[in-house]
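Could you put the whole structure together from the sequences, leaning on the hints where they help?
Here the sequence shown stands for residues 0 to 256, numbered as in numbering that gives the first Met the number 0.
Taking lysine to any residue and the SDA-like style, the derived pairs with C-alpha atoms no more than 20 Å apart in a straight line are:
no., residue 1, residue 2
1, K32, H42
2, K247, L172
3, K63, W140
4, K247, Q228
5, K247, T126
6, K247, R167
7, K36, R25
Restraint ranges, calculated between C-beta atoms of paired labels, are given here:
no., residue 1, residue 2, range
8, D111, T35, 51 to 59 Å
9, P184, D111, 17 to 25 Å
10, P184, C230, 40 to 48 Å
11, D94, G236, 50 to 58 Å
12, L150, K36, 31 to 39 Å
Since the hints were made in silico from the structure, they are not lab data. If you're wondering where the values come from, they're calculated on a predicted model, not measured in any experiment. C-beta: ideal position from N, C-alpha, C; glycine also.
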Amino acid sequence: MLNKFTKKEQILSEKQQIKQLSPLQRAALALKKLETKLNNTLHEPIAIIGMSCRFPGGASSPEKFWQLLQGGSSARSQIPRERWNIEAYYDPDPDAPGKMLTCHGHFVDNVDQFDPEFFGISPREATAMDPQHRLLLEVSWEALEQGGQVLERLEEAAVGVFIGNDGRDYEQLLQQHLQQEPESPLVTYAGTGNALSNAAGRLAYTFGFTGPTVTIDTACSSSLVAIHQACNSLRLGECQMALAGGVKLHLTPNSYI
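If you want it as structure tokens, here you go:
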């Protein structure tokens, strides 16, 4: 009782002191308290409850990626033939126009493999979809599953989606195909399947999330900025949970030339 009484006395004393302040001083004190509360909110720790990844070198999970780092292995490889024809573009002469100086890089495996029906997507729509969007669906599902999240409980929940993405290689390939075959059935899904905004938007739609949904393009820093924005959104109370990350696939030699 002594502790409770002492605490009550302290509160009453503080209230009496506040009453003795001028209106301007009371306003300044209120602003100071709000500033302190805001600073505490903006620096509140954030828990990472699940993660998933696809990295070069066969690192198809966080565990395999960690093994790659621990082993000091290199994920460098020759450009896969299914990406593009190396012989048509490689030239060791740095001054050769329209050529690339290297025939190596870092590439994610099996980017053409995807189970559309698992996500309620038709095979035709999946063919028109940017493989980056397909990868995002796969790793997002895995991250949520690893975090012990039941998707049915997250439907219409204030979950934010923040994705970094600046690659449009597949869209270029698809446009070339449609120019050659303008009656192709893929034309129906060409726009929705390749828009940068849909990198994040498709995730929110598929999983039923209702929080902020943003695709961010700041070049190489896109995924880091996406995570930064996700943290800010959580701290500001815009969403209760956030899905954040990034994706980039080189499917044409354009960035090498």
